[in-house]
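Asker: Build out the structure end to end from the sequences listed, making use of the hints.
For reference, each letter of the sequence shown is one residue, going 130 to 377 in the working numbering.
Just so you know, these hints were derived from the structure itself, not from any lab. Don't take each hint at face value.
Stated by the list, open to error - Listed below are the simulated EDC-like cross-link pairs for lysine to aspartate or glutamate, each with C-alpha atoms no more than 20 Å apart in a straight line:
1. 326 <-> 218
2. 166 <-> 139
3. 330 <-> 215
4. 326 <-> 214
5. 330 <-> 209
6. 166 <-> 356
7. 174 <-> 342
8. 326 <-> 206
9. 326 <-> 347
10. 326 <-> 224
11. 166 <-> 156
12. 330 <-> 224
13. 264 <-> 294
14. 330 <-> 347
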Amino acid sequence: MHLGLSLFREAGYVHRDISPINCLVLESPDGDGLVSKISDLDCCKRYDQASVHDEVAITYQFTAVEVGLRQICFYPDKADFPSLEEYMEAMFAYDPHPHFHFLHDLESVFWIASHHIANSIPENPRTAPTVDSIKAWQRMVKNYFGDTTGSILRRRALLQHNLAELYRGLKQWWTAEFTGVFLRLFVFSRDLIAQYKALQKQPQVSLTPNSLDRRWPEHLFTTELYDTLISVLDEALSRLPSKVPVSQ
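Answerer: Here you go:
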């Protein structure tokens with residue numbers, strides 16, 4: 130799926146509605162393994178024509194937090210500047226315009242993978258679950274992956290803390306053999322936020338005389354972060370058994 134999105138990026142398109150229902154895993158035509166497909170291109174658009182303010186039917190549970198909140202969420206840190214004065218000057222002088230870009234699609238893949246992990250409990254859990262503990266866990270997961278603005282705000286905080294709350298909760302069910310795999314995926318959030326912050330340091334370009342019609346140049350979006358996520362997910366798959374018994 131992530132490789133398919135990288136091809137979207139190379140072609141100059143953003144999908145804008147990456148969700149589990151649009152990510153298909155099918156048996157290959159020759160019956161030798163599986164193939165993945167990205168479906169539902171109704172919201173797909175050329176990058177230079179897509180806006181975070183377009184009226185599109187986004188899937189709130191998995192959309193990038195900037196898209197769901199329609200605002201820039203991850204600004205550079207003071208530590209990225211030689212002095213506080215230079216940091217303040219940069220922040221006052223530069224006000225980037227929010228718009229949909231390639232990293233937002235990639236973030237949705239990250240949320241889908243994280244949700245799939247959080248929504249599964251092993252059949253032989255580390256701690257025997259009770260009805261109350263299962264319900265409490267399901268409520269917490271729904272708090273982050275609900276269809277409300279509040280859920281997106283909570284996911285923003287979750288992203289900033291490397292999904293620590295989900296990781297701590299998973300340790301009640303899964304052994305260290307598995308939680309180590311999950312942790313490597315969750316800390317991808319640091320790479321993602323670092324890339325968002327790096328974008329803020331780059332000037333946007335105007336596409337039309339409209340001062341609000343600005344966006345970051347397409348060449349700033351390279352394969353690096355896609356390759357990182359591909360590597361993380363491949364590592365997770367290689368370290369997990371071919372069949373992990375779980376109950377929803």
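Asker: Work down the list of hints and note, for each, if the structure agrees.
Answerer: Hint check:
1. 326 <-> 218: holds, 16 Å
2. 166 <-> 139: holds, 17 Å
3. 330 <-> 215: holds, 12 Å
4. 326 <-> 214: holds, 19 Å
5. 330 <-> 209: holds, 10 Å
6. 166 <-> 356: holds, 18 Å
7. 174 <-> 342: Measuring from Cα to Cα gives roughly 16 Å; hence the hint holds.
8. 326 <-> 206: Between residue 326 and residue 206 the Cα gap is close to 8 Å, so the pair holds against 20 Å.
9. 326 <-> 347: holds, 16 Å
10. 326 <-> 224: holds, 13 Å
11. 166 <-> 156: holds, 11 Å
12. 330 <-> 224: Roughly 11 Å separates the two Cα atoms, so the pair holds.
13. 264 <-> 294: holds, 16 Å
14. 330 <-> 347: Holds, because 15 Å separates the two Cα atoms, which is no more than 20 Å.
Checked against the numbered hints given earlier, the structure satisfies every one of them.
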